[in-house]
Amino acid sequence: MIRTHGARAAAGALAALLVLAGCSSKAKESGGDGDRADAGGVKTRIGISGKTITLGALTDMTGVYATLGKSVTQAQQLYVKQLNAAGGVCGYKVALSVRDHGYDPQKAVSGYTELEPKVLGFTQFIGSPFVAAVKQRIDGQDKGLVLPQAWSAALLGSPYIRVIGSTYDIETMNAVDFLIKEKGVKKGDRIGHVYFEGDYGESALVGSKHIAQQAGLTVVEQKIKPTDNDMTAQVTALKQAGVKAIVISAGPRQAASLVGVAAASGFAVPVIGNNSAFAPQLLATQAGPALMKNYYVASPSLPIGADTPQAKKLVADYRAAYPKDALDNGIVAGWTAVSAFGEALKKACASKDLTREGVDKALLSIDSYDIGFGVAQDFTDPKSPSSHESVILQPDKNVTGGMKVVREAGASEAAKSYTPGA
Amino acid sequence: MSEALVKPLRAVRSRTYASAAGAGVLLALPFYLDRFWLQAGLFAMAAAVGAIGINLLTGATGQLSMGHAFFLAVGAYGYCVFAADGGDGLTGLGLPTWLAAVLAVLVAGVAGGLFSPISGRLSGAYLGIATLALVFIGQHVMFNAHDLTGGANGRDVPPLSLFGLTFDDRELLVAAVPFGSAEKLWYAGLVLLAAGALFARGVLRGRPGRAMNAIRDHRIAAGVLGVPVARHRAAVFVLSSMYAGLAGVLLALVFQRTVPDYFGITLSLEYLAMIVIGGLGSVSGAVAGAVFVSLLPQLLTRYSDALPLVSAPGTGGIAPGEASRYLYGAAVVLVVLFLPGGLVGTAVRRRGTTHPREER
Amino acid sequence: MSTFAEILLNGLSLGSVYALIALGFVVIFRATEVVNFAHASLLLAGGYVTAVLHDDIGFWPALLAGIAGAALVGAAVEFLVMRRYRGSDHSVLAIVTIGVDILLTTELTRRIGTDVLTLGDPWGDAVLKAGPISLAHTRIAAFVAAALLITAFLLAFRYTAWGIAMRAAAESAETAALMGVRLGRVSLGAWAVAGGLAAVAALFLTVFPTPGLERATSLAALKAFPAAILGGLDSTTGALVGGLTVGVTESLATGYQSDLTFLGRGLGDLAPYLVMVAILLVRPAGLFGTKELARV
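Chains as they are written, first to last, in my numbering: chain A, 696 to 1117; chain B, 1124 to 1483; chain C, 115 to 410.
Read the hints as simulated data drawn from the structure, not as lab findings. All of these numbers come straight from a predicted model, not from anything done at the bench. Be careful, since some hints might not be right.
With a straight-line Cα cutoff of 27 Å, these simulated DSSO-like cross-link-like pairs (lysine-lysine) come out [claimed, not checked]: (1) Lys904(A) / Lys882(A); (2) Lys243(C) / Lys939(A); (3) Lys988(A) / Lys876(A); (4) Lys243(C) / Lys934(A); (5) Lys988(A) / Lys243(C).
The following residues of chain B were derived to be distant from chain A, with all beta-carbon distances above 12 Å [unchecked claim]: (6) Gly1215; (7) Trp1221; (8) Pro1240; (9) Phe1286; (10) Ala1311; (11) His1341; (12) Val1347; (13) Val1350; (14) Val1352; (15) Ala1454; (16) Leu1466; (17) Thr1469.
Backbone N, C-alpha and C fix where the C-beta goes; we use that ideal spot for every residue, glycine too.
Chain A extracted, bound-state conformation (with noise of 0.2 Å):
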């Protein structure tokens, strides 16, 4: 009894409700979904409402990559404020929605949800995992650019999302290449690597076996985990190996252990790592005289310290805003990222549509992108990332953000002959 008095109140509770559902807001009106124009005759959709452009940024503050997040987020708001100061873009003021996830998927895939209805497009994605977790729905209904902070090759194809400068394996080539162009490394060598287990690491490998092969080199691997931070037992192995370089890609922690431990020991083979792989942090350890002794980075552009007006005037900037904090590489890679959103906006005002199609459009159309970075970007092909080109930096502790140029922006032969996922 008790039973069938539930289901029919639950059915009568359902009927009346499915009526109710009628005046839903979420209830599709014809006709209130299309575009609208404003009064200079911009088409706009999604992600602008009144005199507001929104954009969202999906960042980590608060987990394993926090310190890179930090200065990608704290760059990219520094540039509205100096866009909105400047009269912002088609009239509309811009505005940074950042949500923190804190390297949690749960957290990032729902900061994507909420955000992904009221954002024109992502000007930050941090953690190419989750990235991928929410391509379908990118590519398939949403479309909105997502500038992701992750460089790596899996997620490039797509016209959406568009990866920022060299991608790992890239980025990598070009590492190698200059061991071999200025380090002395030659055919029948071995060469260590040192690399993340996931997305990163794996990536860089991919890079460095393909030099690698066609350079003659044998690459003795390491895979290392994100909590490892002692780099002893690895230095040991490629001692024993007998490398004459070692390329890390790894995190600032497991590249400082890494050089300090190799040059205790006595074991003096050039050490060269990734962009993720140096923090100017480090440069005030133990680990420092070591690092500008024998280390070396490859960079997707030059450094925060270059000696170009425009890297003088962010730090200026930077340093005005905010005082506390280090100046790093991350900075350098949030300012590229949002300039090339904010440029894509200039674009697609200037063509009169603001919306996510017209946005896509316009960064699609800009084949040649140079903020001062020593490096131009080119987001016209979709399946490659917008430059082949690595600048190979070295840590000094005398120079501001702590790095300076060795070798100015190249691609190797390996890497312009490269497809990806071939």
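Given the coordinates of chain A, work out where chains B and C should sit on it, guided by the hints.
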């Protein structure tokens, strides 16, 4: 005498109306809430299914498990392997998706069964930390068995399709409301949760439940009374793994992609937090705890801008993400300290209808 | 051969640091039967205090302050949180420590921010070379310090009144209380000792060859779980043996990963758990743990 008969009947009737109204609201929500809330609700439902499973094991039988994340992963990846058609270059058997879901749950159970040499013999903290090994093994496999798991970036989850209805993002208009994957999955989630909850309640209220409680309260006495202790422990472990597997399938369907980072030790600890906060040993406790633990961080992140004492990033104060961590940590500590018996146990006591079994 | 010796020695010294963490873990478990998930944050707290103070007051006083600081945090957790719990279920208390860990770790990582803090230790990156083998001074110091502390602790456990009280409490809390042992004081002491040991461990986890203390340092405390279990959760000797086993296993699995590729690369983290499971299959109470005996 007659009064004593009438009272419970009235209580039962009012409870029926309350649950009917609750069910009605749950059924109507997809017509009103936007995707963010539906997704949060689906995460909570999946968590509730998993939490029921671990509450059978830890709450009712007293077996501490920190390996729940592993079985969730088995369910999630198992579903992908069975259901995918192999079009993305990864292993896929291309089975009908409903069959894949059933098989994934069974495989999770088998995985739990394979662990029975350990789960049947160990108890307490030993079992807890031994199960931690499963999480590390699972993560290692997820990152390295690229053909099965897709490696660090995970693999796409084929949408479930049942009776010709596919639970994907293609819009379906129901009473003028567009239904995407979240709206459709909402109902699948409700059905699975209800079925899981009813089954677990049946187990707990029947003979096996009494045997489980006997093992928890006094293992040796239970053995003397004729309860086959090792077999029961291993069986509960298998059942709990199957619940985790089901939760994993549901989560995978909501995420639309499985990523190894998700199935870490934090997830296992969250499940333990759920059942302690909700109330050990009862189905309603598991559900209440799951809703609390999975919605709280989402709410805190969503409204982080509006929290007091929170400053914009870069100004040196407490960042929104940190504020939500503080509140979450404090909530765990305070609920456990000041609401012994969990949310549900306390609510039951407040109503004055304390029932020994529900209190646990 | 020299490579093997080097890997082994490194593993032993790393293992002795893990043993310190595991010992604290075991002490808390013996005194209160609680699995302490907040151990990671105690470690971070000790390291943080040392790192902040060493510039002003010198390394040794800073280290003492760090030990005292972590002990104080441990005692505070016991006094303010653990003692307030009125129930009797120890797995519930374990969950409370998860909450405590979230609170403490969030506060400490917020303070550390994106910095890498050095602890100002006197050893630097000096390396001892004996023939083909090279070993960092910090590693030798770690081994010596751990050996001294563990010996001192084992003696205290055996001969001091506090040690006897604690062992009595571990045998039977009720009987001990009837015999006049103040259980509250015993468990307060256990938490403080565990904090102090974790602070010393923090020092050796953040000196050369690692760059310094930062937000992820506390993750090393996870290594103490398999160490404590495979030795036997209620055995202090077990913690020592367990710690060394984990250190050596990890070091060997990493050093010889090229020979173990059939298991997939990057085994370092996983290997200790595999060893633990293997040991538990043979000895369900760990190597030195007391078998659970019960009177019906």
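Exercise for review: Could you let me know if the closest chain A CB is still more than 12 Å away from the CB of Gly1215(B)?
Suggested key: It holds; Gly1215(B) is separated from chain A by about 16 Å at its closest Cβ, greater than 12 Å.
Check your understanding: For Leu1466(B), which was marked as not at the interface, is the minimum beta-carbon distance to chain A over 12 Å?
Key -> Given that every Cβ of chain A is farther than 12 Å from that of Leu1466(B), nearest at about 21 Å, it holds.
Exercise for review: Mind verifying the non-interface call on Thr1469(B)? Its CB should be farther than 12 Å from each CB in chain A.
Suggested key: holds (26 Å)
Review point. Beyond 12 Å from every Cβ of chain A: is that where the Cβ of Phe1286(B) lies?
Key: The claim holds: Phe1286(B) sits with its nearest Cβ about 19 Å from chain A, beyond 12 Å.
Review point. Holds or violated: Lys243(C) with Lys934(A), Cα cutoff 27 Å?
Key: holds (15 Å)
Practice item. Evaluate the condition: distance from the CB of Val1350(B) to the nearest CB of chain A exceeds 12 Å. Key: Since the minimum Cβ distance to chain A is about 33 Å, Val1350(B) lies beyond 12 Å and the statement holds.
**Study point:** Hinted pair Lys988(A) and Lys876(A), Cα distance within 27 Å
**Key:** With Cα atoms ~18 Å apart, Lys988(A) and Lys876(A) stay inside 27 Å; holds.
Check your understanding: Straight-line Cα separation of Lys243(C) and Lys939(A) no greater than 27 Å?
Key -> Given that 27 Å is the threshold and the Cα spacing comes to 22 Å, the pair holds.
Review point. Does the claim that Ala1311(B) lies outside the interface with chain A hold up, using a Cβ gap greater than 12 Å?
Key: holds (17 Å)
**Study point:** Verdict on Val1347(B) as a residue remote from chain A, using beta-carbon distances over 12 Å
**Key:** Per Cβ check, Val1347(B) is outside 12 Å of chain A; nearest 39 Å; holds.
Review point. Are all beta-carbon distances from Trp1221(B) to chain A longer than 12 Å?
Key: Since the minimum Cβ distance to chain A is about 21 Å, Trp1221(B) lies beyond 12 Å and the statement holds.
Exercise for review: Beyond 12 Å from every chain A Cβ: check whether that's true for Val1352(B).
Suggested key: holds (36 Å)
Comparing the model with each numbered hint stated earlier shows that all of them hold.
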